[in-house]
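What follows is the residue order along each chain.
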Amino acid sequence: MRHVEDAIRTILAKHGKLLIPIEQIRSGDDLYRAGMTSHASVNVMLALEGHFDVEFPDRMLRRSVFESISAIAAALDELRSRAA
Amino acid sequence: MPHAVETAASDEPTLRERAEEIGKTVAARHADAVDREGRFPEEAVSALRQAGLLSAYVPTSLGGGGCSIRELIETCQTLAEHCASTGMIFAMHQIEIACLVHHGLGTSWFPAYLKKVAASQRLIASVTSEVGVGGGLRTSVCAVERQRERFRLTKDATTISYGVQADDLLVTARASTDAPPGDQVLLLFQKDDYELKKLGTWDALGMRGTCSAGGLVEGVASVEQILPVPFADICAETMVPVSHLLWGAVWNGIATSAVDRAAASVRGEARKKPGTTPPSALRLAEVHAELQAMRASLTAMASEYQELRETRSSELSGMTFALRINNLKINASRAVSRIVEAALQICGIHGYKNDSPFSVGRQLRDALSASLMVANDRLYAANASVLLVQKEI
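Quick note, the sequences are listed as chains A and B, same order. Counted the way the numbering used here counts, the first sequence spans residues 2 to 85. Counted the way the numbering used here counts, the second sequence spans residues 185 to 577.
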């Protein structure tokens with residue numbers, strides 16, 4: 002789980018267009034409040050799909066799924082356990 | 185006696201019938217003057233107030249009409265057939281009401297406010313545009329400055345439709361002075377809370393009665409007047425869908441008016457030579473098919489939205505729905521221009537002149553606003569972004 006969260010943080014730092022350094026963002030903090038826009042969230046999604054080799058189904062393309070590091074981790078967890 | 189009661193109930197005019205009456209007898213009478221002078225359709229809005237229609241969407245428990253989105257669509261369309269500026273003003277006001285009805289009923293302040301809207305028929309204008317932002321709904325520069333139970337806000341808006349004539353304003357702003365541009369709230373300023381200064385001008389090709397000049401809003405109010413729901417959610421679940429549906433209804437009204445004149449023109453020609461089909465009749469058939477497609481698109485999307493709301497579906501806040509509701513606006517805005525231009529071709533020189541029973545100049549100019557109010561390219565860009573991750577086409 003540790004390295005999943007690390008990967009998410011790396012991707013957010015690179016693509017999330019956040020206004021605060023990723024180290025200052027806790028797992029449950031609101032990413033949109035930290036500056037992530039809808040457009041940036043799409044780039045984050047693409048990077049996550051590429052890195053973890055998963056596809057977010059359309060029902061997961063919602064603000065709430067990407068609103069925090071822990072929300073993203075939970076979504077990835079669901080997808081990866083389905084694939085297993 | 186049950187039968188007598190039934191008859192009495194069905195004598196009560198429906199919302200649509202009341203709107204049709206106002207459209208035909210008031211809005212239509214002044215539409216040309218409203219357009220020529222670029223003035224607010226005072227008479228029609230006054231009639232709408234007298235009929236209590238400004239609170240049509242407010243729940244009956246708060247003194248409103250408790251109508252459905254579908255009924256609002258019919259009303260906007262009918263008004264716009266006679267005067268597109270009146271239809272658009274009514275639509276814009278209802279979009280604001282919908283935001284308050286969908287997201288404000290859980291507070292203590294907003295239900296009381298909506299009661300006032302119903303009782304005194306208050307007109308609400310939207311202040312979402314801003315200098316330096318370039319038309320993006322989900323970006324603000326100005327910020328709410330809180331001081332205990334009050335807040336102040338100064339907003340330089342590029343466009344405020346009927347800002348001068350409105351009673352109250354629904355305004356977007358950053359949630360606080362240290363909030364990022366996309367972290368917004370929606371708040372209400374009542375007449376006594378704000379001043380509207382440095383008013384710009386509105387001298388446009390069409391929609392001339394909407395009086396959409398820019399201005400500077402300076403206001404102070406209670407923090408209770410800030411909706412406690414993230415604007416991102418209000419936007420996705422209500423402001424964008426209801427805007428696209430009601431604008432679509434207005435454009436439908438414009439298209440209907442133009443095709444109606446084209447049909448009258450063709451019938452007139454046919455009567456002169458019974459037995460021969462005027463050449464323009466073929467073009468009328470063609471544009472009629474287009475009008476039906478435009479209407480079907482709106483009806484389908486209205487049903488979809490109604491169902492998602494009734495089932496409280498999470499899809500409402502999803503990217504897939506956003507894609508579809510954007511497509512409605514894109515398609516309808518392009519259709520209305522094409523349809524009115526086709527109607528002009530059918531009416532010929534009589535359609536081109538401004539002083540004939542077949543004039544469609546005002547309809548054409550009003551229709552041209554559709555692809556510009558939210559520029560379609562902005563919607564295409566948003567959709568293109570979603571299509572990078574959308575799986576089911």
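Everything labelled a hint here was simulated from the structure, so no lab data went into it. Just to be clear, a hint being listed does not mean it is correct.
As the list claims (entries may be wrong) - Taking lysine to any residue pairs in the SDA-like style, the calculated list, with each CA pair at most 25 Å apart, reads:
hint, chain 1, residue 1, chain 2, residue 2
1, B, 575, A, 72
2, B, 575, A, 3
3, B, 575, A, 48
4, B, 300, B, 407
5, B, 537, B, 466
6, B, 208, B, 525
7, A, 15, B, 574
8, A, 15, B, 537
9, A, 15, B, 300
10, A, 18, B, 507
11, A, 18, B, 568
12, A, 18, B, 300
13, B, 575, A, 21
14, B, 575, A, 23
15, A, 15, B, 365
16, A, 18, B, 572
17, A, 18, B, 466
18, B, 575, A, 52
19, A, 15, A, 51
20, B, 575, A, 54
21, A, 15, A, 68
22, B, 575, A, 20
23, A, 15, B, 570
24, A, 15, A, 65
25, A, 18, B, 305
26, A, 18, B, 574
27, A, 15, B, 407
28, B, 300, B, 362
29, B, 575, A, 30
30, B, 575, A, 27
31, A, 18, B, 362
32, A, 18, B, 537
33, A, 18, B, 322
Unchecked claim - Have a look at the derived ranges for each label pair, beta carbon to beta carbon:
hint, chain 1, residue 1, chain 2, residue 2, range
34, A, 11, B, 576, 44 to 50 Å
35, B, 476, A, 25, 27 to 33 Å
36, B, 290, A, 14, 51 to 57 Å
37, A, 21, B, 496, 41 to 47 Å
38, A, 11, B, 561, 31 to 37 Å
39, A, 58, B, 250, 34 to 40 Å
40, A, 27, B, 320, 26 to 32 Å
Remember, it's a predicted structure, so these values are computed and weren't measured experimentally. Virtual Cβ for every residue (Gly too), placed ideally from N, Cα, C.
A quick look at each hint next to the structure:
no.: 1; hint: B:575 / A:72; verdict: holds, 21 Å
no.: 2; hint: B:575 / A:3; verdict: violated, 29 Å
no.: 3; hint: B:575 / A:48; verdict: holds, 16 Å
no.: 4; hint: B:300 / B:407; verdict: holds, 19 Å
no.: 5; hint: B:537 / B:466; verdict: holds, 23 Å
no.: 6; hint: B:208 / B:525; verdict: holds, 24 Å
no.: 7; hint: A:15 / B:574; verdict: holds, 22 Å
no.: 8; hint: A:15 / B:537; verdict: violated, 59 Å
no.: 9; hint: A:15 / B:300; verdict: violated, 50 Å
no.: 10; hint: A:18 / B:507; verdict: holds, 23 Å
no.: 11; hint: A:18 / B:568; verdict: holds, 19 Å
no.: 12; hint: A:18 / B:300; verdict: violated, 43 Å
no.: 13; hint: B:575 / A:21; verdict: violated, 32 Å
no.: 14; hint: B:575 / A:23; verdict: violated, 29 Å
no.: 15; hint: A:15 / B:365; verdict: holds, 19 Å
no.: 16; hint: A:18 / B:572; verdict: holds, 18 Å
no.: 17; hint: A:18 / B:466; verdict: violated, 55 Å
no.: 18; hint: B:575 / A:52; verdict: holds, 18 Å
no.: 19; hint: A:15 / A:51; verdict: holds, 14 Å
no.: 20; hint: B:575 / A:54; verdict: holds, 15 Å
no.: 21; hint: A:15 / A:68; verdict: holds, 16 Å
no.: 22; hint: B:575 / A:20; verdict: violated, 30 Å
no.: 23; hint: A:15 / B:570; verdict: holds, 19 Å
no.: 24; hint: A:15 / A:65; verdict: holds, 21 Å
no.: 25; hint: A:18 / B:305; verdict: violated, 44 Å
no.: 26; hint: A:18 / B:574; verdict: holds, 21 Å
no.: 27; hint: A:15 / B:407; verdict: violated, 37 Å
no.: 28; hint: B:300 / B:362; verdict: violated, 34 Å
no.: 29; hint: B:575 / A:30; verdict: violated, 28 Å
no.: 30; hint: B:575 / A:27; verdict: violated, 31 Å
no.: 31; hint: A:18 / B:362; verdict: holds, 16 Å
no.: 32; hint: A:18 / B:537; verdict: violated, 54 Å
no.: 33; hint: A:18 / B:322; verdict: holds, 16 Å
no.: 34; hint: A:11 / B:576: 44 to 50 Å; verdict: violated, 29 Å
no.: 35; hint: B:476 / A:25: 27 to 33 Å; verdict: violated, 57 Å
no.: 36; hint: B:290 / A:14: 51 to 57 Å; verdict: violated, 37 Å
no.: 37; hint: A:21 / B:496: 41 to 47 Å; verdict: violated, 34 Å
no.: 38; hint: A:11 / B:561: 31 to 37 Å; verdict: holds, 33 Å
no.: 39; hint: A:58 / B:250: 34 to 40 Å; verdict: holds, 37 Å
no.: 40; hint: A:27 / B:320: 26 to 32 Å; verdict: holds, 29 Å
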